[in-house]
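Chains as they are written, first to last, in the numbering used here: chain A, 1 to 141; chain B, 1001 to 1141; chain C, 2001 to 2141.
Treat the hints as calculated values from the structure; they're not laboratory data. Bear in mind the structure is a predicted one, so any value in this text is a computation, not a measurement. The beta-carbon is built from N, C-alpha and C at its ideal position, and this holds for glycine as well. Hints are not guaranteed to be accurate.
What the hints assert, rightly or not - Calculated lysine-lysine pairs in the DSSO-like style (CA-CA distance at most 27 Å, straight line):
(1) LYS2006/C - LYS4/A
(2) LYS37/A - LYS2006/C
(3) LYS2037/C - LYS4/A
(4) LYS2006/C - LYS1006/B
(5) LYS1004/B - LYS37/A
(6) LYS2004/C - LYS37/A
(7) LYS37/A - LYS2037/C
(8) LYS75/A - LYS1075/B
(9) LYS2075/C - LYS75/A
(10) LYS6/A - LYS2006/C
(11) LYS1037/B - LYS2037/C
(12) LYS4/A - LYS1006/B
(13) LYS1006/B - LYS37/A
(14) LYS1037/B - LYS6/A
(15) LYS2006/C - LYS1037/B
(16) LYS1006/B - LYS2037/C
(17) LYS6/A - LYS2004/C
(18) LYS1037/B - LYS4/A
(19) LYS1075/B - LYS2075/C
To be verified - With beta-carbon atoms standing in for the labels, derived distance ranges:
(20) GLY110/A - ALA2080/C: 44 to 54 Å
(21) GLU1078/B - GLY2110/C: 48 to 58 Å
(22) HIS86/A - TRP1085/B: 39 to 49 Å
(23) SER2011/C - GLY110/A: 37 to 47 Å
(24) ARG1083/B - TRP2117/C: 32 to 42 Å
(25) GLY110/A - PRO2059/C: 39 to 49 Å
(26) THR1032/B - THR32/A: 27 to 37 Å
(27) LYS15/A - SER2025/C: 30 to 40 Å
(28) ALA1080/B - ARG2076/C: 53 to 63 Å
Stated by the list, open to error - Per the computed footprint, the stretches of chain B lying under chain A, defined by three or more beta-carbons under 8 Å from a beta-carbon of chain A, are:
(29) 1003-1013
(30) 1040-1048
(31) 1078-1085
(32) 1098-1110
(33) 1129-1140
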Amino acid sequence: MSTKIKTGRLSLNTKGERDILDITSGVQDEVTRANVKNGIACVFVPGATAAITTIEYEPGLLEDFPNALERLFPKRIEYAHERAWHDGNGHSHVRASFLGPSLSVPIIDGRLSLGTWQQIVLVELDIRPRKREVIVQIVGE
Amino acid sequence: MSTKIKTGRLSLNTKGERDILDITSGVQDEVTRANVKNGIACVFVPGATAAITTIEYEPGLLEDFPNALERLFPKRIEYAHERAWHDGNGHSHVRASFLGPSLSVPIIDGRLSLGTWQQIVLVELDIRPRKREVIVQIVGE
Amino acid sequence: MSTKIKTGRLSLNTKGERDILDITSGVQDEVTRANVKNGIACVFVPGATAAITTIEYEPGLLEDFPNALERLFPKRIEYAHERAWHDGNGHSHVRASFLGPSLSVPIIDGRLSLGTWQQIVLVELDIRPRKREVIVQIVGE
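The shape of chain A in the complex, shown without the other chains (with noise of 0.2 Å):
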């Protein structure tokens, strides 16, 4: 078999602060429909106010996961980025950078090597609902 490259995409539509996307089944289309049997799925979301990570998607965890950011960097504190910007989402900037908008996961057999309870996620980071476009970059063979 020789090696190939394959993009996908998955266009979404995000509420806005606190809002989760779990994306694993399209990512796992996109892995399908390239029929790459092994190799590596890079998701990577354009945007510096969004982030992709994964997470055991249940109601609990899409409260705590929200609640953790607002703690750690609040929405509420004086942000540089106001005084260019006028735009209320300093803290969501910020988020994005911390979190990441890049995640790589091993394609073994066809399938996405993740854990049982384990969701590659958007997580939307700006204040209002946003298009996102999430790449998913195959390479494989």
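Given chain A's structure and the hints, the job is docking chains B and C onto it.
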């Protein structure tokens, strides 16, 4: 040379919360076994209560890093995750989502391109000892 | 087209703590030089007191992000790392392990798939000026 994909696996036993395992030589062994000269190693831990990162693996930081986790994501505060699961590890999940389960390291001339004082670690975040399997997905030539 | 692996390197001088360098054009130059149309760029900084992430590179956030680091991982508290090393950078190490040394970005049509306001940055976390070499490992076709 043609590009190839190789999958390595490390089987590990952790002691539960605050345990951090140096897996650098295990990852390097998989790279060596894969006989890859140049490429990328994607180190990934399946599961929602563990993480992969790098650290200078010395006794002081093996205290400082868990101390910071406890300061930022205290065990004693309330987590909504408890409502459904009552397993006392809501903080473990939130910490894992912050740190992330994945690390990609360049391979150059058959070696991981780490700094001299930089080791790859598995961070156990769950409250009890766990068996963990770390996947080392190697793409290279 | 066949897949290839190319290694680029950026040599940088930092001013120490709170210095954040926009390396986007440097990384893009390596991608262009590699003549890769589609693939993944793995941007990695060897060393245990620096990190790679993305941010909107504007003066406000270049204050807000280091301010958040100082709020979450204060310099003035005690670090066990000091016991062995007495080099005053325990907080730098802990911050680096949180942020991580690695970022993977899809390459599409020869371009890094970043958002318009999203730049790749090297975050210097050490307390003194450092020479840094950032590795750009490119896998693609």
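Is LYS2006/C close enough to LYS1006/B, meaning Cα to Cα at most 27 Å?
Satisfied, since the Cα-Cα distance of roughly 19 Å is no more than 27 Å.
Check whether the Cα positions of LYS37/A and LYS2006/C lie no farther apart than 27 Å.
Holds. LYS37/A to LYS2006/C sits at ~24 Å (cutoff 27 Å).
Has the hinted range 32 to 42 Å been met by the Cβ atoms of ARG1083/B and TRP2117/C?
38 Å, holds
Do at least three Cβ atoms from the stretch 1129-1140 of chain B come closer than 8 Å to Cβ atoms of chain A?
holds (count 3)
For the pair supplied as a hint, LYS1037/B and LYS6/A, is the alpha-carbon distance within the 27 Å limit?
24 Å, holds
Could one say that the CB atoms of ALA1080/B and ARG2076/C fall in the range 53 to 63 Å?
33 Å, violated
For the stretch 1003-1013 of chain B, do three or more residues have a beta carbon lying closer than 8 Å to a beta carbon of chain A?
holds (count 4)
Cβ distance range 44 to 54 Å for GLY110/A and ALA2080/C, holds or violated
For ALA2080/C against GLY110/A, whose Cβ atoms are near 45 Å apart, the range 44 to 54 Å holds.
Between LYS2075/C and LYS75/A, is the straight-line Cα distance small enough, at 27 Å or below?
Cα-Cα ~23 Å, so holds.
Holds or violated: are the alpha carbons of LYS4/A and LYS1006/B at most 27 Å from each other?
At roughly 15 Å apart (the allowed maximum being 27 Å), LYS1006/B and LYS4/A satisfy the hint.
TRP1085/B and HIS86/A - C-beta distance against the hinted 39 to 49 Å
42 Å, holds
Note whether the CB distance of SER2011/C and GLY110/A lies within 37 to 47 Å or breaks it.
41 Å, holds
The structure fails to meet hint 28 from the earlier list, while all remaining hints are met.
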